[in-house]
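Enquirer: Sequence:
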Amino acid sequence: MNRYLMVGITLALSTFTLAQAAPTRGGSVTVSYKDDVTTLDPAVGYDIQNWGIEKMVFDGLLDYEVGTTKLTPRLATAMPKVSSDGKTYTFTLRPGVKFHNGREVVASDVVYSLTRVLDPKTKSPGQSFYTSIAGAQAFVDGKAKTVSGLKAVGKYGVTVALEAPNAAFLNIMAMNFAFVVPKEAVAAANGDFGHKPLGTGPFKLTSWPSGQQLVFERNPSYYLPSLPYLDKVTIKVGLDPSVAFLSLTRGEVDILGDGIPPAQFLQVVKDPKYKASIFSQTTVNTSYMSLNTGVGPLKDLRVRQAINMAINKTKVLRIINGRGALAKGYLPPLMPGYDASEVGYKYDPAAAKALLAKAGFAGGFDTVLYTTSTDPNPRIAQSLQQDLAAVGIRASIKSQAQSTVTEAAGTKNTAPLVWSGGMAWTQDFPDPSDFFWPILSCKSAVQGGYNWPFYCDKALDARAARADQLVAPAQQVARLKEYASIFAALNKQAPWVPIYHEVRYMMKSERLVADSSLLNDPIHNIDYERLSVSK
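Just so we're aligned, residue 1108 is where the sequence shown starts under the numbering used here, counting upward by one.
Treat the hints as calculated values from the structure; they're not laboratory data. Certain hints may be false.
Here are the simulated distance ranges between beta carbons [claimed, not checked]:
1. K1250 <-> T1179: 55 to 65 Å
2. E1617 <-> D1347: 36 to 46 Å
3. I1504 <-> Y1454: 19 to 29 Å
4. P1379 <-> N1208: 45 to 55 Å
5. V1173 <-> L1353: 42 to 52 Å
Each residue gets a CB set at the ideal place from its N, CA and C atoms; glycine is no exception.
Whole structure, please, built from the sequences with the hints as guidance.
Expert: Structural data, given as structure tokens:
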């Protein structure tokens, strides 16, 4: 089989099987996380912890069928009509859908929400996804007051016109960034909409004492009357994963948001009494160390390549109890366009030293490695630190809360090295463009973005843009082959050290009615609206 053919992304069955009872209405669940949620503003929040939680409060025009990567209409009545040239999409909103404040959702709300993502004042990390809309770049650059490609047609009709066809555009419209928000609620929040979110979703945020918990209660007026099943969801934050595990065994927690803690992992997965409560899934994910290409010695390609050679990835896998596959390149194996022939950089400290010497750093240099403070990330950072020290690079570690690391890496641009850890890149949608535009393109090399290396190659941007215009079914093999070539070029430029692709384990309480499709959803992580508890 041609290695560039699209890989069917299927949600594998759980490692352990469990006959699920039919969901019933009522009850509540508690989910644990070590770190507080940074924001629930869908235009801004952009990590795996936020992703599913935002889905409780908001909806978009499109979504994915549960546990799959198949697109389905959500706030739209049907999939959009597409013009013959592939550039204009016409959506029709469901009538009668209401925001939590009681106002009906209309077409102008969709136009406002997408325009807000594009507005530089919002500092949305999703801005680059939507600059393919006609007139979007002129608006971003301050040359236009509106986005010409966004139009409200009557009360419920919305047209979105693109500058050029985009093979991934429907996936982009299903992202959290495109969730619909009410302008008046954003204005009333006075810059704090992320902590005062208001949408159309199945739950309402009712309480958020900082650093303690977030409480969500069922939206009794939700437009899908069968959902949600639960009356309340509590997200407890500030719980160390080991403490959270003990809380789960005592019936105080229903889902370990951070997964099974490393210290208990082997014991727990081998214990028969937990068999029905544990689910595993190979994720479409790459965990990496980012190298800021604009900082000191890291500007030099030879230094970045030397760092790639210095890292012992197998040692990192041992730290996480083998819960991953070694990464040779940037794309994970289940992502369309993955090239199985990619060899990447071999672990070779001697070659790394020689390359550093050629770059003028025979004596090494000092730098800083940022990581989140949730185990096992500090231990992984220490392993990376040891590997770097072995070739003369002296990296001090800053172990901080996830929000602080994200700010240093993406907003302030002050982080030379970042171990991605719990913020590793996981697909937003099953298309290789999702591993390029939001994290490695020139468009994403902006403050507030996730291009932490601040890497920009305009020639690669142009190649990716041309590839995205290949929308016909007969062009898909060529498109994926081109993306494989783009990522091979990126690997040579070494803005990342790709280390592993995660196998994610989730653990639930006995009373929670859920399977792997709900706890390891390939798009939304945890599907809160379909969780239920046994009575």
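Enquirer: Look at each hint and say if it fits the structure.
Expert: Evaluation of the provided hints:
1. Distance hint for K1250 and T1179: a CB-CB separation of about 37 Å, inconsistent with the stated range 55 to 65 Å.
2. For the hinted restraint 36 to 46 Å between E1617 and D1347, the CB-CB distance of approximately 22 Å leaves it violated.
3. In this structure, I1504 and Y1454 meet the distance hint of 19 to 29 Å, their C-beta atoms being roughly 21 Å apart.
4. For the hinted restraint 45 to 55 Å between P1379 and N1208, the CB-CB distance of approximately 50 Å keeps it satisfied.
5. The hint said 42 to 52 Å for the Cβ distance between V1173 and L1353, and at roughly 31 Å that hint is violated.
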